[in-house]
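Chains as they are written, first to last, in numbering that gives the first Met the number 0: chain B, 0 to 292; chain F, 0 to 292; chain Z, 0 to 292.
Source of the hints: derived by calculation from the structure; they are not laboratory data. Wrong hints could be hidden among the right ones.
No copy labels: a pair is met if it fits in one copy or bridges any two.
With a straight-line Cα cutoff of 20 Å, these simulated EDC-like cross-link-like pairs (lysine to aspartate or glutamate) come out [claimed, not checked]: (1) Lys234 x Glu13; (2) Lys9 x Asp265; (3) Lys74 x Glu254; (4) Lys74 x Asp252; (5) Lys183 x Asp102; (6) Lys99 x Asp265.
In this text the structure is predicted, and so the values were computed from the model without any measurement.
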Amino acid sequence: MILDLAESTKTINERTVKKVPTLRGRTVVNLFFEPSTRTRVSFEIAQKRLSADSVNFSVSDSSISKGETLVDTAKNLSAMNPSVVVIRHSVAGFPHRLAKLMDASVINAGDGFHEHPTQALLDLMTIRERKKEIKGLKVAIIGDIARSRVAGSNIPCLTKMGAEVTVMAPKTMLPFDVTRLGVKVAPSLKDAIKDKDVVMLLRIQTERDAATRFPSLREYNRYFGLKLEHLKYLKKDCIIMHPGPINRGVEIDPEVADGPFSVILDQVANGVSIRMAVLLLLLGGRSIYEVSD
Amino acid sequence: MILDLAESTKTINERTVKKVPTLRGRTVVNLFFEPSTRTRVSFEIAQKRLSADSVNFSVSDSSISKGETLVDTAKNLSAMNPSVVVIRHSVAGFPHRLAKLMDASVINAGDGFHEHPTQALLDLMTIRERKKEIKGLKVAIIGDIARSRVAGSNIPCLTKMGAEVTVMAPKTMLPFDVTRLGVKVAPSLKDAIKDKDVVMLLRIQTERDAATRFPSLREYNRYFGLKLEHLKYLKKDCIIMHPGPINRGVEIDPEVADGPFSVILDQVANGVSIRMAVLLLLLGGRSIYEVSD
Amino acid sequence: MILDLAESTKTINERTVKKVPTLRGRTVVNLFFEPSTRTRVSFEIAQKRLSADSVNFSVSDSSISKGETLVDTAKNLSAMNPSVVVIRHSVAGFPHRLAKLMDASVINAGDGFHEHPTQALLDLMTIRERKKEIKGLKVAIIGDIARSRVAGSNIPCLTKMGAEVTVMAPKTMLPFDVTRLGVKVAPSLKDAIKDKDVVMLLRIQTERDAATRFPSLREYNRYFGLKLEHLKYLKKDCIIMHPGPINRGVEIDPEVADGPFSVILDQVANGVSIRMAVLLLLLGGRSIYEVSD
């Protein structure tokens, strides 16, 4: 249902006048406790194209620096009657806890190492645009499976929709009980990507992470980075995905990121449409399913 | 007049579509030189629900870091023809000075240790909702009377409206000439809160303040913090207020903040309505008194 | 054409309801990689008065802190279909490069030591308001000619329009090949300002700049700062301009900045009108030339 509605909202984003009045008079608070370009901007654009009133606040200007608890911040925001709160936070489960404290709908825009649901939805939308059907697809996910919230949402989402997921990573980046996720584990990058319909790369966080999980970014690139030389193993119609921001020369080489297999910018574009769909469904229910101008 | 109009604007905040077109095409600049959650967001939501155009800027991204004087910043903003400037600044009297330099209306959103007028108004609105009449009420204010801008606006506002105000604080937090404020001074917390219709707690600023005014936050809590054990001294229909952000376990214990006497979240909710009323009165005069959609 | 249209948009800024629906549903991203008061706020007010949807992001909350390249940031923004991106960046030529990577129109809001085109346009508008005709005017520009982006845009703009430009600065602040700019060089401040129709002062950046280009800010003020004693050399109808933020007592003395020759605040006011005109022309083409409500 979300994907179908996002196909409709996508048409709004392709018009000259990218705006419908549907959510006029609804207040949406964007509560970002971690830095973000694409996710915050994507949500904000989605809100404005639906005519909602967006109010941003980021951790730096908040009362949190005055020692207020997050729960109190949440209750205070709630008292101002927002319709939706979009939250990114470093603590897993915090958006879930927030949702119990508020009348407003809460959208998780990424919580720690846990989940990033609208990312998985926009990935699914991008896959479906190219492959029509998710069921039966073979998908490889390469990178920090244990701590990536993108993997945390994509693995259950893709398996639920009937895709077969294979993961590949340094052992230090695989969860101890990886098989419980319902995925296969590939022994090498080459094995992971061969005969797959979709290859999804995850972002390597920072040099500091690198030091504790593998010797260096250069070494990560050598064994786990997708490079020009790997393209010969891909199916002709394989698509390469990455949630961004990409680290060129670490998990993906520039020639691959900018090459014909890549759908990375499609993912970004679909992000706005998915977020519009999620906002509409939360605020209008199914009756809003038909988007009119 | 402001309180009556805020009762009307409150109905807008309780609708599904929380928006009226009244201030369409008016530019409001939010000029925050100190961090704030609730006040900035409350003003911004008020502006958007009245269809004004909000433009934020905070000190970090301003030319002040380039050495421009505040007066020049003000004159420059004024040249862009805003209708209203909402300002929070650490210098007492700065909004007053700004108002003389600008054609725009200036709203003081807190100036140093001086005043915070919309806070006093939202407090008054919250009291009136529960008590109908302000005249004759007995109000206790506990905390840093000398340096709290919340007290700085509430004491004159409440006494003007006919309430009887009693204050209580460590001696280091009382002004030297406290009786000139037209208030009584209670000798202990128990004496202060007994038989009061309203108990208003003030925020203890920081650990650093603590060190110069009293030995520790723990000691403040012991002698001046409102705790479960004090509730037996309260009148049955007493209301407990706090301007937020609250320091749980310092000036107020969690059981009290979240308990049945507390109207803290009502204060937050009323803040949006009061700010809408103030904006309407500044921009539309009395003719706007009737708010229609 | 831009100046003519800006005269029309200026009438919008003088109404009570400062808003036209012309750019409804167009998304404008304000991408500021350097701090700014007047330019960012001026652009944002211009956008809102044209009913465009503004989305801000500044460097502090961007993925750049996560190591993303600027080109990738740009491509990602582009994928979200903005109509216009307004960019300020410390690297000369970056907006030009960005424009090649995006479908959106890109407006340079200042790039390093290079150009600041909307500043030159608002200066031109301010001059034309007072002098009717640019052709034949004598204009002095005083200050850091070599590294000022304001000079970088004003010199070609003014000479193209037929004005005669004279510059004056410490030798360390003149480009090596200054005569190639098509300007005269005056030997002293007095010579520079005598018989001029327009005297434009440039901002001295910081104390740190001072140390490498001249001994101290005080010494700069002594030889290059415009002071009360210089006013006797000015033509009766000369206008004094400054792009702001001004350093009182460095390049300009307070009595001069606030005196009758100064049109500094006119420049700020015209900035909003010029930016509205630029946005309209980029998004509507000539057909939008007539602005209606």
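Hints, verified against the model:
1. Lys234 x Glu13: Close neither inside one copy (31 Å) nor across copies (56 Å); limit 20 Å.
2. Lys9 x Asp265: within (11 Å within a copy, 40 Å between copies)
3. Lys74 x Glu254: Between copies only: 15 Å across, 48 Å inside.
4. Lys74 x Asp252: between (45 Å within a copy, 17 Å between copies)
5. Lys183 x Asp102: Answer is neither: 40 Å inside a copy and 41 Å across each miss the 20 Å cutoff.
6. Lys99 x Asp265: Cα proximity of lysine 99 and aspartate 265: across copies only (19 Å, versus 34 Å in one copy).
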